[in-house]
Each structure stands twice: as C-alpha cells, then as structure tokens.
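Asker: As a plain string of letters, each chain reads:
Protein chains: 2
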Amino acid sequence: MEEYYLALRKHIEEISPLTDQEWEYVAQCFTYKTLKKHQFLIQKDELVPSEYWVIKGLLKTYTIDSEGKEHILQFAMEQYWTSDFQAFQNQIPATLFIDCIEDSEFFCLRLENRERLCQEIPKMTNFFRIKSHYGYIALQQRIMSLLTETAEERYNNLIKKLPHLIQRVPKKLLASYLGVTRETLSRLKG
Amino acid sequence: MEEYYLALRKHIEEISPLTDQEWEYVAQCFTYKTLKKHQFLIQKDELVPSEYWVIKGLLKTYTIDSEGKEHILQFAMEQYWTSDFQAFQNQIPATLFIDCIEDSEFFCLRLENRERLCQEIPKMTNFFRIKSHYGYIALQQRIMSLLTETAEERYNNLIKKLPHLIQRVPKKLLASYLGVTRETLSRLKG
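Protein chains in written order, with the working numbering: chain A, 1 to 190; chain B, 191 to 380.
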C-alpha cells in the first residue's frame, strides 16, 4: 500500500510539491478501493460520492442510448482521474456508467474531502486547477477529432498518443470509442 | 468602462467573493480590447497571449479541415471565457480560429498575469479551478451529444439550453456547430 501512496504523492507533486506535513494531511483524505473486471465503479441513476484516481487497472466511461447501444466517452488507466464529474460535483444521480475492463484499484476522494483539502492547502487547489485545465484541453481535442477526422485518422492518432491502450482494450470497445463499426476497425488494423 | 469592471467582479464573486483590496489587484491584471464583426481574436499558427472574458458580443471557435470546411467547436458570448486554451497554456501556435460574429468587447488576461494572480490570491486559484471543472463537464456533455444524439435531439437541446444563442447565430453556423447540413437544420426549424 505504501508504494501506492508514493505513486499518488509523485503524481500530485508533478504539479504541486508538498511538505511532508502537507502530504500527511492530503493522504488521509483518500481511501482505497478495489474492483474486479466487469464490476461497476459508477452506475447510472446512482449517486457518485467520489472522484477516483486509478492506481492500477483500466476502465471505460460510457452511456447506453435508447436502442441499447453503448457509446464510450473515455478510457481511464493508471494515473488517470475518473468519475461522472457532473453528478459528483453537483451530487446528483449519475448519467454515465463506469466499469472495469481489467481488475482495478483506486484512491477515492469524496467531495467534502476535496473541498476541505482545497481550503486547507492552496497548493492542492492549484493542483486541481491545472488538472482540470489540461482535462478541458484534452476534451476539446476529442471534440475536434470527432468533428473533423476520418475513422482512419482517429485510429492513427490514438496509436500515436496511447499506444499501450490499443494493446489492452478489446477491439469492440476501441471501435465504440472511435465511433466506427468493428468491421471498419478491422480494416484499419489490417 | 466602470460598469464592465463591475460585471467582471460580479462574475468572479459568484464563485470567490473578494475584498476591495483583492479586487483592485485582480482588476489591474486585465486589459480591455474591442473587435468588429468578422475580425479575428485568434488565428491559426499565431501565438495566443491571453485568455479572454467576453464583455459583449458573440464569437465562434472553429477549425478548417483539409477540404476547406469549417467545423465549429464552440460559441462564446457575454460572460464566457474563450481562447485556444491549449496554445495559450503551452504558449505554442494556435490550432484554432476565433472570430467575431458580432462586434465584441473583451477583458484579456495574459498567462503571466493569471499565474501571478493565482500565486498572490488563492481565491482566484479557486475561481479558475471551479470554472475549468464546469467547462470540463460542459465539454463531456457535448461529446456525449455528438456520440449519441440525432441532429433533431441536438437542436432541441440547444434551444432548451441556450435559447438566445439560436436567435443570434446565423443558420449556417448553427448547422456547422450541430454537425448537420443547412438543409437538415431548415427541416428541423420548420
């Protein structure tokens, strides 16, 4: 477990270096959780108590449309933050599902703990500010990709940006994320 | 001009109330800028010195694909923040265009001023944290809309969320934002 906490500290200190005393305060705001492959981290219509930092594993965030089709918004793996952020922030029922593609381990941060952290340690406010800002930029790029790129371009960019992801994600899910059929994806990979 | 500064202060204080002394410090970090309809706020391949808070007016953020087709990422109007945030944050050339659909007025915040503000006034760090977080949530919703909704659903949701925008944006641009042809849009509006 100690090694997990060290990884989280390193992740935070890439943006906001902390004193040992500050880190002690930060660390006790997180709780540990583990889930098996196929288990849900978040289910639609349920409340979302926490946001989650992935220690190990792989998850998908998705919605299911009125025809039962799954649409993948994001993948999350080691060192990613994930949640249904709208539901979490406003403490309303989730509109998204998040489940585990692999056995996964997390640190959970409850809303009240995050706000307390930001009040007590301004460096943590800065950490979350920068993370949100980069998250925003990444989503802008995903939108531009959905609006302007062909399936082939999207696939090639994903290989460039996240080569390890391609190895770990079943083809069916990759196709859903890219917004193409599995047949199109097989053609691209051929 | 005084009324513009009051509007900015009100906007910030909806999240982070400030003392008069803090506000004085904040206000001097912003500069005023005005542009006429069709003028560019940001052009592709140029550096992006600032992020912009819209006092008055309406703008569109877009990209142009290899076939010369325009794809609209976002609109910005009164009280919105806009920029090519990736280029701004990393001080690299813009990949997006932003131009004015109406005559527009802004407060500009340079990167070094924003960082200085966040260093000096933790409440401003918190303001930007919350704004980024809500911006992130809004973009997630736009992605889900692009992945799962029909043109008709997207149009109806836009009417619900931003009724004033529909009145102000030319149909051609609205169609580009929704990712539909102008003919489809006319049918929806009929």
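Think of the hints as simulated: they come from the structure by calculation, not from any bench. Mixed in with the good hints there might be a few duds.
[Claimed, not checked] If you only want the chain A side, here are some residues facing chain B, beta carbon under 8 Å, derived: (1) THR19; (2) HIS38; (3) GLY68; (4) GLN91; (5) CYS108; (6) THR125.
[Unchecked claim] Over the 12 Å line for every Cβ pair with chain B, so calculated as not near, a few chain A residues: (7) TYR5; (8) ALA27; (9) ASP45; (10) GLU70.
[Said to hold, decoys possible] Calculated pairs, PhoX-like style, for lysine-lysine (alpha carbon to alpha carbon, straight line, at most 20 Å): (11) LYS361(B) - LYS200(B); (12) LYS246(B) - LYS259(B); (13) LYS321(B) - LYS351(B); (14) LYS200(B) - LYS123(A); (15) LYS10(A) - LYS37(A); (16) LYS131(A) - LYS351(B); (17) LYS36(A) - LYS10(A); (18) LYS171(A) - LYS131(A); (19) LYS123(A) - LYS223(B); (20) LYS313(B) - LYS200(B); (21) LYS131(A) - LYS200(B); (22) LYS10(A) - LYS131(A).
Heads up, the beta-carbon is just placed ideally off N, CA and C, and yes, glycines get one too.
Asker: All hints, please: hold or fail.
Answerer: Right, here's what the structure says about each hint:
no.	hint	verdict
1	THR19	violated, 17 Å
2	HIS38	violated, 22 Å
3	GLY68	violated, 12 Å
4	GLN91	violated, 13 Å
5	CYS108	violated, 18 Å
6	THR125	holds, 5 Å
7	TYR5	holds, 24 Å
8	ALA27	holds, 21 Å
9	ASP45	holds, 16 Å
10	GLU70	violated, 10 Å
11	LYS361(B) - LYS200(B)	violated, 32 Å
12	LYS246(B) - LYS259(B)	violated, 28 Å
13	LYS321(B) - LYS351(B)	holds, 18 Å
14	LYS200(B) - LYS123(A)	violated, 25 Å
15	LYS10(A) - LYS37(A)	violated, 27 Å
16	LYS131(A) - LYS351(B)	violated, 27 Å
17	LYS36(A) - LYS10(A)	violated, 26 Å
18	LYS171(A) - LYS131(A)	violated, 29 Å
19	LYS123(A) - LYS223(B)	violated, 32 Å
20	LYS313(B) - LYS200(B)	holds, 14 Å
21	LYS131(A) - LYS200(B)	violated, 26 Å
22	LYS10(A) - LYS131(A)	holds, 14 Å
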